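S.K.: Below, each chain spelled out in residue letters.
Protein chains: 2
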Amino acid sequence: MNSGQLFNQIKLKQSFLCIGLDTEMAKLPGLLKEVEFPLFEFNRQIIDSTHDLAIAYKPNMAFYECLGTVGWQQLELTVNHIREHYPDMLIIADAKRGDIGNTSKKYAETFFKLLNCDAVTVAPYMGSDSVLPFLEYPGKWVILLALTSNQGGDDFQFLNTGNHERLFETVLRKSAQWGNSGNMMYVVGATRASMLVKVREIIPDHFLLIPGVGAQDGDLAEVAEYGLNSRCGLIVNSSRAIIYADSTERFAQVAREKALEMQRQMSTILTDRGIV
Amino acid sequence: MNSGQLFNQIKLKQSFLCIGLDTEMAKLPGLLKEVEFPLFEFNRQIIDSTHDLAIAYKPNMAFYECLGTVGWQQLELTVNHIREHYPDMLIIADAKRGDIGNTSKKYAETFFKLLNCDAVTVAPYMGSDSVLPFLEYPGKWVILLALTSNQGGDDFQFLNTGNHERLFETVLRKSAQWGNSGNMMYVVGATRASMLVKVREIIPDHFLLIPGVGAQDGDLAEVAEYGLNSRCGLIVNSSRAIIYADSTERFAQVAREKALEMQRQMSTILTDRGIV
Chain H
-12 MNSGQLFNQI KLKQSFLCIG LDTEMAKLPG LLKEVEFPLF EFNRQIIDST
38 HDLAIAYKPN MAFYECLGTV GWQQLELTVN HIREHYPDML IIADAKRGDI
88 GNTSKKYAET FFKLLNCDAV TVAPYMGSDS VLPFLEYPGK WVILLALTSN
138 QGGDDFQFLN TGNHERLFET VLRKSAQWGN SGNMMYVVGA TRASMLVKVR
188 EIIPDHFLLI PGVGAQDGDL AEVAEYGLNS RCGLIVNSSR AIIYADSTER
238 FAQVAREKAL EMQRQMSTIL TDRGIV
Chain Z
-12 MNSGQLFNQI KLKQSFLCIG LDTEMAKLPG LLKEVEFPLF EFNRQIIDST
38 HDLAIAYKPN MAFYECLGTV GWQQLELTVN HIREHYPDML IIADAKRGDI
88 GNTSKKYAET FFKLLNCDAV TVAPYMGSDS VLPFLEYPGK WVILLALTSN
138 QGGDDFQFLN TGNHERLFET VLRKSAQWGN SGNMMYVVGA TRASMLVKVR
188 EIIPDHFLLI PGVGAQDGDL AEVAEYGLNS RCGLIVNSSR AIIYADSTER
238 FAQVAREKAL EMQRQMSTIL TDRGIV
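So the protein lines, in turn, are chains H and Z.
Residue numbers for the first sequence follow our numbering, so the first one is -12 and each next one is one higher.
Residue numbers for the second sequence follow our numbering, so the first one is -12 and each next one is one higher.
For the record, the hints were derived by calculation from the structure and aren't laboratory data.
Incorrect hints may have been included.
Any copy will do: because identical chains look the same in the list, a pair fits if it lies in one copy or spans two.
[Unchecked claim] Below, a list of computed lysine to aspartate or glutamate pairs in the EDC-like style, where the Cα atoms sit at most 16 Å apart: (1) K92 <-> E188; (2) K92 <-> E11; (3) K14 <-> E248; (4) K14 <-> E28; (5) K92 <-> D9; (6) K14 <-> E152; (7) K161 <-> D141; (8) K100 <-> E63.
In this text, all values refer to a predicted model and were calculated from it rather than measured experimentally.
With the hints as extra help, turn the sequences into a complete structure.
M.R.: So this is what it looks like as structure tokens:
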């Protein structure tokens, strides 16, 4: 999926919502635990119930890997279900991979050829040759970690690296030269909305994947204020607040209500800014 | 496996060799491609042929993941084979994971509980809470990326982060406080043997996993000179130079010859330094 197609979906759905599929057995409604592929069945119902409100789904690899082959099977079933029924959906493998060149090449094969995802999250520590192999696939995306919203994000990302620049800014500036706004996006933690100003100075045109935004607390408005560009340029992810909003058999319906709440706010923001 | 047990193995085998299992279909001898689990069969023969010369095996996750469930199956078979036949072997999952806390917890489950590996390589960019969940398993190890030998390693790892310190040094200094020399090791690229002096100033006691050392070119002597401590403190990895030394059905025998060459050099070094 190229950036034009992605922007079209955003306009069509008036949404820049990504739903994170951090699906774990312990949190599934009781009934689902009886079926053969419980994670997939949960995902399927969530997806079927929200596909017109979201432009992307983001399965988190760790939650599937921790079940071994059975987990991989359910991840494959999930991706295939989206591909078959909602071909215009962006599928992001949240994998945070990154290794030397020949190993990154294998990871790129895994996520882009074997699983047929559109995008994969990648960690920057090992530098250019850990990222470049992912950029060799036309229509696919690297989403590079820049600024993360977890507590430990402060340990290294805010280190001063000279020239009045912090590590996350150096990561943005250098890595932007490896690809372009048509094949790279960045993870930027939403709890640092004020940092978005800095981010947009360095990469005005790239899409940003923003995790950790809730519907209620005004975060979304702040993220939009500082993060939007003329082609939207934002993908806002919500995982648990949507998929685990209800723990009964009504989970998919309640997930839809939560997603709808987000989508309505996004629609208002996009309209107000004249983007749709 | 705790550090005492690891040091015992090093003394017993007079070796600090790790063999990397970067096993890929395209490089297997023709005959093996006919069997049901070719990667496993290759690994099994390599392991059975070298187990008395190596103290660790390091399967590289990317090479198994890229085959999907069939790859995972063969990874599991490989780990189980080592566990069953060579219970004193250190098994390192080369995965370079790293995510926010609850996701890293799942990755720790995957590699320590499901796969029952002893150690996993972890990327530092997301900081403490991406590493701590791995440290909750007694007898297991985090091997944190510090200095990598790939070309892109220069992009960020050598950035000056103030106080006459570069990023890899800050990573070492800060992260050493998250655990101790009994549950953390570090990846330090061998092409930078002179950097080992710096590394040892900051973490004199930790084990270092050194990739990219060949048997022929004197690297090993240099790495040993600057990296050894009184309890060895080094694990030197070789992957392709051993497992792909021969591409015929004699591969396992030739792998043994290459491993033996390394082990003999290591034995001399350990004896000369009075470590064994």
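S.K.: Indicate, hint by hint, whether the structure satisfies it.
M.R.: Do the hints match the structure? See the list:
1. In this homomeric assembly, K92 and E188 never come within 16 Å of each other (Cα to Cα): the closest approach is 31 Å inside a single copy and 35 Å across copies.
2. In this assembly of identical chains, the alpha carbons of K92 and E11 lie at most 16 Å apart only when taken from different copies (12 Å versus 29 Å within one copy).
3. In this assembly of identical chains, the alpha carbons of K14 and E248 never lie at most 16 Å apart, being 22 Å within a copy and 52 Å across copies at closest.
4. In this assembly of identical chains, the alpha carbons of K14 and E28 lie at most 16 Å apart only when taken from the same copy (13 Å versus 38 Å across copies).
5. When the C-alpha separation of K92 and D9 is checked against a cutoff of 16 Å, the pair qualifies only between copies, where the shortest distance is 13 Å, while the shortest distance within a copy is 25 Å.
6. In this assembly of identical chains, the alpha carbons of K14 and E152 never lie at most 16 Å apart, being 42 Å within a copy and 44 Å across copies at closest.
7. Taking the closest pair of Cα atoms, K161 and D141 come within 16 Å of each other only across two copies (12 Å); inside a single copy the shortest separation is 20 Å, beyond that limit.
8. Taking identical chains as interchangeable, the C-alpha atoms of K100 and E63 lie at most 16 Å apart only when both belong to the same chain, with a minimum of 12 Å there against 23 Å between chains.
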